[in-house]
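Chain A is already provided as a structure; the job is to place chain B on it using the hints.
2 protein chains.
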Amino acid sequence: MSRTIAFIGLGAMGRPMARRLVEQQFRVQGFDLNAEALAAHAANGGIACSSATEAAKDAEALILMVVNAAQARMALVASGALDALRPDALVILMATCSPADAREIAGMVEKAGRRFLDAPVSGGVVGAEAGTLTIMAGGPKAVFDAANLYLSPLGDKLYHVGENAGDGAMVKTINQLLCGVHIAVAAEAFAMAEKAGLDTGLLLRILGQSAAASWMINNRGPRMLEIEPEVTSAVDIFVKDLSLVLDAGRSAKVALPIAAVAHQMFLASSGAGHGLADDSQVIRAYRALNGTV
Amino acid sequence: MSRTIAFIGLGAMGRPMARRLVEQQFRVQGFDLNAEALAAHAANGGIACSSATEAAKDAEALILMVVNAAQARMALVASGALDALRPDALVILMATCSPADAREIAGMVEKAGRRFLDAPVSGGVVGAEAGTLTIMAGGPKAVFDAANLYLSPLGDKLYHVGENAGDGAMVKTINQLLCGVHIAVAAEAFAMAEKAGLDTGLLLRILGQSAAASWMINNRGPRMLEIEPEVTSAVDIFVKDLSLVLDAGRSAKVALPIAAVAHQMFLASSGAGHGLADDSQVIRAYRALNGTV
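So the protein sequences, as listed, match chains A and B.
So in this note's numbering, the last one in the first sequence is 360, and the numbering has no gaps at all.
So in this note's numbering, the last one in the second sequence is 360, and the numbering has no gaps at all.
The following block holds chain A by itself, in its conformation from the complex:
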């Protein structure tokens, strides 16, 4: 008999992750509020459940790949999934939440007698499809080791970053701080180049292989120079992620002056109506500032 796990949140990331677990012969009881996502999970060989509680029933592990902490709390507690799990079950929170939220959810899970791991990811949909996510896990080492069975099909870079719930979220937060600032500062640089009348395509080639390079310059730079680029990740995602970064700074009493400014630029871009555009289009906020629209 195959082992049963619950998977809540079958969106762009969750669906391929759940599929990879199905391929490992787990019985994956999935739930998502979106009927289409649920049907796709069934088509991938998973079990489509009509509630989080039904998905959790008798599962030895529950993976949360929902949008935010509020959804995670809703699924676990309000809907009763937590109590439907096997008594020794493992709850793995893989959604991007603030460290404080991860600690609070850990408290609820442990109070219900289950084990908890805080394990956010990076690597995007491409990494989710290929099982090459980076997973940054916080929690007791024994729990991290027990979770390896479920996490190793999902990522090839598994890190145990700390003994406490919230440590994974903090590493993910710091990751997003750097990603967001690197995109915004690339926009600051290219907006200056545009105003100076430089050949921005040549500039990108020069910068992308110099000491000024970042992963983001090489990844977002080409789309930053297009007028209406394909949307790989939207401006509003960084409005949200840098908000989480600043919330984490506030709760840890850490000053984040550069991240705060970068957040304002994403916010301005969203405020000007570009929230659904590719995140490289934070450059539009700079063009507005500099009168080069």
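It is worth saying that the hints were derived from the structure and are not from the lab.
The list treats identical chains as one, so a pair stands whether inside a single copy or across any two.
Lysine to aspartate or glutamate pairs mimicking DMTMM-like chemistry, simulated, CA-CA at most 25 Å apart:
#1 Lys-307 - Glu-293
#2 Lys-262 - Glu-171
#3 Lys-208 - Glu-127
Frame of chain A; chain B shown alone:
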């Protein structure tokens, strides 16, 4: 008979650059205010001159690798080197100056009937020694082509970035903007990690190969986590370089909100007495802010 060129500014960068030109069989008439630098140039097979004017005498090209625009003006005009050059000589400004300074110096050179190329470099002392500098040149294409003879021994990435004097300086400025911000934001990120009690060495390994990576994180990150690291480039260099960046923004009427904040952090670090420390030690300003000193 070998061809004569003048080389003004024989510091950490200029000395190995001049040596590479000597190795190409140029007669390199060098000048530096520092007697030791001058002696080293002679030991490398160059001609040690007692003034910029003596160095410029009958030279077909003059390379300026001085500290700033004021020194370049002093050497060219105040000391009379410009008039001592051959009438068809080429003046190549390789020092880091603002675009406005580069344009002004171009005007002086062209008024004296000589050709001018604005050609700042990146790649540091290592690149200068190995002849692998990146050279970003602004000026008429014909002048860029004529300068190839002198520049190709110095760099292996030669870019003609624009037709106008100052275009090279603008590209270098944008390069420094990104470099300075990438160092400062890495410090912001690691200072947060320190306050959160994370394993910063592990964090560096994770970030250095993720979407959060930058050339600077991988280069400066390890020294950022040391208490008294070796000084590869000092905090005060970025106090100066980000000042140039902000001056360039001011003169082009371009808002640079992130660079402005990063500059304040280098300035604070210098103000707290760390100006001569490795530039990775901008993290000390964050530690002071966060009470983790």
